[in-house]
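Respectively, the protein sequence lines represent chains A and B.
Letter by letter, the first sequence follows residues 1 to 204 in the UniProt record's numbering.
Letter by letter, the second sequence follows residues 1 to 133 in the UniProt record's numbering.
These are calculated hints, taken from the structure and not from any lab test.
Quick caveat: nothing in here was measured; it's all calculated off a predicted structure.
A couple of the hints might just be wrong.
[To be verified] Derived, one-sided and incomplete: chain A residues facing chain B with beta-carbon distance under 10 Å: (1) Ala6; (2) Ala40; (3) Ile76; (4) Gly77.
[As the list claims (entries may be wrong)] Calculated pairs, SDA-like style, for lysine to any residue (alpha carbon to alpha carbon, straight line, at most 25 Å): (5) B:Lys96 x A:Leu8; (6) B:Lys96 x B:Thr127; (7) B:Lys96 x A:Leu70.
Glycine included, C-beta positions come from ideal geometry on N, C-alpha and C.
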Amino acid sequence: MTLDAADLTALIGLCREQIEQHCERLGRLDSAIGDGDHGANMRRGLEAVYRERDAISALPLPVALERIGLVLVMSIGGAAGPLYGTLLMELGRGLATGEEEADFAAILAQAVAAVARRGRSGPGDKTLLDVLYPVQAEIAGHAAPLRIAECARNAAQATEMMLARRGRASYLGERSIGHEDPGASSCALLATTICQYFQEHAPS
Amino acid sequence: MTTARGANVGIVIVSHSPLVAQGAADMVRQMVGGCVPLAWSGGNVEGGLGTHVAGILVAIEAAWSEAGVAIFVDLGGAETNSEMAVEMLGPARAAKVAICNAPLVEGAVVAAAEASGGSTLARVVATAEELSA
Chain A
1 MTLDAADLTA LIGLCREQIE QHCERLGRLD SAIGDGDHGA NMRRGLEAVY
51 RERDAISALP LPVALERIGL VLVMSIGGAA GPLYGTLLME LGRGLATGEE
101 EADFAAILAQ AVAAVARRGR SGPGDKTLLD VLYPVQAEIA GHAAPLRIAE
151 CARNAAQATE MMLARRGRAS YLGERSIGHE DPGASSCALL ATTICQYFQE
201 HAPS
Chain B
1 MTTARGANVG IVIVSHSPLV AQGAADMVRQ MVGGCVPLAW SGGNVEGGLG
51 THVAGILVAI EAAWSEAGVA IFVDLGGAET NSEMAVEMLG PARAAKVAIC
101 NAPLVEGAVV AAAEASGGST LARVVATAEE LSA
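With the rest of the complex left out, here is chain B:
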């Protein structure tokens, strides 16, 4: 699912539901095409509703960009598991990842639009988080 590796900030979508995660990713793709690295993780290890660290790590790797990665989460466990996954990247890479305080679908689409213009991670995050202000 990855394109434009290293160029623009990457987007990761983490939802308890694989359908929600994939659907949100589809909407991002429709908006920005292939110019933003994009990946999602949805569901627990058994494919049921939930989130899991290993899947989130795979998604971060898939959407990795040296410009950074912005993660969008739905409910509590998605955020906590994403934080855990980010820590497991080690301090150097973790510094390039941000978990956004923004609505999942709107946040990811707005962030991707910002990222597609080559904005920095801080700018991408700020734009998405304006939605929650």
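Okay, chain A solo, but in the shape it has when bound:
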């Protein structure tokens, strides 16, 4: 991963902008099968990271990712805070101890596994994991950024037909079928944003 401070600042800004733009849609998706606060929670989280962007970007990448995770945990609230926070914190910790860039897919796999443990969920439960698993698989297969982005969007859409087994949506049973999972949706949105940046700026 070659990401310098300018890249990280730009990515934080883009992610915040995208969440802001899609805040209402995420809220609507969440209202359909949950408590309706996912958009507002994600916006609060990304705003908190954005406020700290200069200090964060000045840190070495592993520490920066861990810091972003902590800020998300402390600001998002809801189940999404600990889930996204765990992903970023574990990524940071993995990169800090990992060898070189070749290991990124493996580090991501471990971070995704940590998210699964945190949420006590797995594939097919209609959560953000249903985006994280296929995205990790594409990265492991060295797919191009736009291919990964497409995979993320498709994976989020595929949660529509799943029966929720975790979170408040699971209380709805079969009525949760037919709605895209808001967590999967925000995850795909962020993955797509990051992939597009990589495509345009092609850091090696």
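Following the hints, position chain B against chain A.
Showing chain B alone in chain A's frame:
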């Protein structure tokens, strides 16, 4: 809100609603008076419905007891955020905290009654969790 620091197991109540959290705490207080350390966290950082780690950490600190702390949660996010908060205490203190698989109101009241007699954390948790059995 803390009394009897260090003597009996402490009780923390975490709800998405500040009203529910405070109401449950009131019921605990009515049951055991001031002899059990007690604190609650309810609502998100903006005071709306939700939970947040920082608030839960403050509540754990407020109800801290060397005998341990039992946490009662309502819905999913309350549990996940509580787990996160407990981890942030570091391994030594985290080992003295338990998140109970019990109904929020009944669990907290029953646990507090048990704690007021000087029971261990394991005993307090077991008594509360019998409600879910």
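- request: State the violated hints by number, sorted upward, taking the hints as numbered earlier in the document.
  value: Checked against the structure, the hints that fail are numbers 1, 5, while the rest are satisfied.
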